[in-house]
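Using the sequences and the hints, build the whole thing.
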Amino acid sequence: MTNEYPTSGFWDLTGKKAMVIGADNPAGGAIARAYAEAGADVALCALTPDEAVMRARAVRRDIEKMGRRAPEYIMDVTLGKNVQVTTRQIVKELGGLDIVAVAPDLFLAKPIAKTTDTDLNRLMQVNFNAHFFAVRAASEEFRRAGQPGRIVCVTSVIGERGLPNATAYAAAHGAVYNFVRAAALELGPEDIMVNGIALGWMDWMDDRIQPEDEEAQRAVRFTVMRRRGTPEEVGPLAVYLSSEVATRYITGQIFPVDGGLLQHL
Amino acid sequence: MLERFNLQGRSIVVTGGGRGLGRGMALALAAAGAKVMVAARTEAQLLGVVDEIREAGGTATHFVYDATSEADADALVAAAVGEYGRLDVMFANAGGGGGNVPNEFWDYPTDAFEDVLATNLKSAFYACRAASKQMIEQGDGGVVVPTASGTAMRGNRTFAYPTAKGGVVSLAKSMATMLGPHGIRANCIVPGYVSQRPPADDRERAEREQRGHFIPVDRLGEWWELGPLAVFLASDASSYITGQTFIIDGGGLAGGLGPAGFRPVYEG
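Residue numbers (the numbering used here), protein chains in the order written: chain D, 1 to 265; chain A, 1001 to 1268.
Just so you know, the hints here were simulated from the structure itself, not pulled from any lab data.
On a predicted model such as this, the values are computed, not experimentally measured, just so you know.
Heads up, the beta-carbon is just placed ideally off N, CA and C, and yes, glycines get one too.
Be a bit skeptical, because a hint or two may be false.
What the hints assert, rightly or not - Ranges between beta-carbon positions, derived for each pair:
#1 D:114 with A:1208: 55 to 61 angstroms
#2 D:214 with A:1106: 52 to 58 angstroms
#3 A:1097 with D:214: 48 to 54 angstroms
#4 D:140 with A:1256: 26 to 32 angstroms
#5 D:140 with A:1048: 42 to 48 angstroms
#6 D:163 with A:1202: 51 to 57 angstroms
Unchecked claim - Now the stretches of chain D that chain A is said to cover, found in silico as 3 or more residues with beta-carbon under 8 angstroms:
#7 33–42
#8 237–246
#9 253–259
Structure representation (C-alpha cells):
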C-alpha cells in the first residue's frame, strides 16, 4: 500500500515545459527561475521590445546556468492572435507545454476623473485581457496534446479590495480573480487546473508604494508581517500550483502572498 | 528556492494524525525531513503511522490525546518539547463528527451542539494556544495551522459542524493578526470532499466515483493530497503568507451556481 501514494517529489518539475508571460518583471522572473530550479525548461515572454527584453535576458542567463533551456520571446499581450501564435511557436521550440504562468503587471495611480479612455483600455488589456488570451491559447495546446495543464495567474490583492486612485487597476484585477474561478470550472474536467497568486505590497513596487511617501510606508507597516514581500517568496507557491503531483485537487483558488495584508478589513 | 520546502530538523505536531488527512500530512511532513509527533485518541492508529514513517527512514513518535481536553493539549506540547527539544509547527487537525442530526434545528439539543464545538473549535483553540505559548517562549517564530472545512463557507443541515469550522477559519485569521508580530504565521486548511483512505472494495470505489461527479474536477480528493499543502504551509516556502484559508476542494467553492456540470448552452 505504501507505493499507492506519493509522500515526496511534490516539487519536481523535471522534463516539464513551461511558459512565463511577463518574465521581465520581478514576480515573473522569480517564477521562471523557480520553475527551472525545479527542473523545467522555461520560455520567457517579455511584454515589450525595450529594456524588458534585457531583464528577461538576465533571467535566461540564470536558467541556462542551471542547465535548462530558456528561449526568449517578445509577446504583445494586448493582441489575442499574437499570444496564440507565440504560444504555438513556444510549443514547437520546447517540444510541448505543461505549465503557464501569466504575470503581466501595469499599475497606474489616477483618480477616476483623470483616467482617460486610453488609460482604461490599456490597463484592462495588460492586466486582464492578457490572462484571458494566455489561458485560451494554452488550454488549446493542452487539449491538442491531450495532456493535463497547470495555469498560474499572477494578480494583485487590489483585485480583491478597493483602493482609491487605483480604480482601473483594481477593476482589471478583480476581473482576473473571477476569471480564474470561471476558467477553473470550465477546464477542470480536462485536468487543467487554474489558480491565482495575489501579490500584496512587494519590495519592487515603488510605483504604488513610493519610498518617499510616508503614507505608503504606513501601508507596509499595516500588513501583519510589517514588511514588503520579496520575489523569492513568490516562486515556491508557483511551483506548488504548477506541479502535476501536488496540485490535483486545488483549482479556482487565488492565494495571496501578502504578509497578511488582507487580514485588515 | 527548493530548499525553502525543506523541513529538516523541524519539530511538528499533527493532531488527528492517526488516520485520514492528518495521516497524509504527517507522512509528507516526515518525508520532507520533519520530526513529527502524531496525536489522537486511538493509539493503534498512531502506532501504524509512526511505523510507516520510521520504515521510510523518518522520525516520528506519538501521543495519545483527547482533543477536547485543554490539559491534554498542554501535555501534548510539553511532550513534543520533551521529545524534540522545541516546537516549530502545530497542525491542529483533530475534529469530525456531528454528522448525525436526529433533530430539526429548532429541537437540536444544547449538549450535542457543545460536543461538536468542543471537538472541532475548542480543540483547535487549545492546541494552537498551547503551541503559540511555547513558540513565544522560544522566541524565534513558528507556524500554526488549524484544519477547517469547506462546509464552513457554505453551511449545511449538520449546522453545528460548519458553525464550529467557521469559527476555526476566524480563529486562524485572528491568530495571524495577534501572533504575526512575534513571527508566528497562522493559516487555515479548508478541505472539500476528501476520501479518508483508499477504497475498501469495488463497491466503495464505484460509490466514490459517483460522488466525484459532483465536483468540478470530476473526482473526490484523496487523503494524501493534503501532504504537499502541509509541507508548503509548514515550511519557508510560505514565508510571506499568513491569515489565509487554503481551500483544497477540486474547484467546488469556485463555483456553486448550479449542479455540477451545469453550463449555459453553447450552440456552436
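Problem - Hint check against the structure, violated hint numbers in rising order - result: The structure conflicts with no hint, since it agrees with every one listed earlier.
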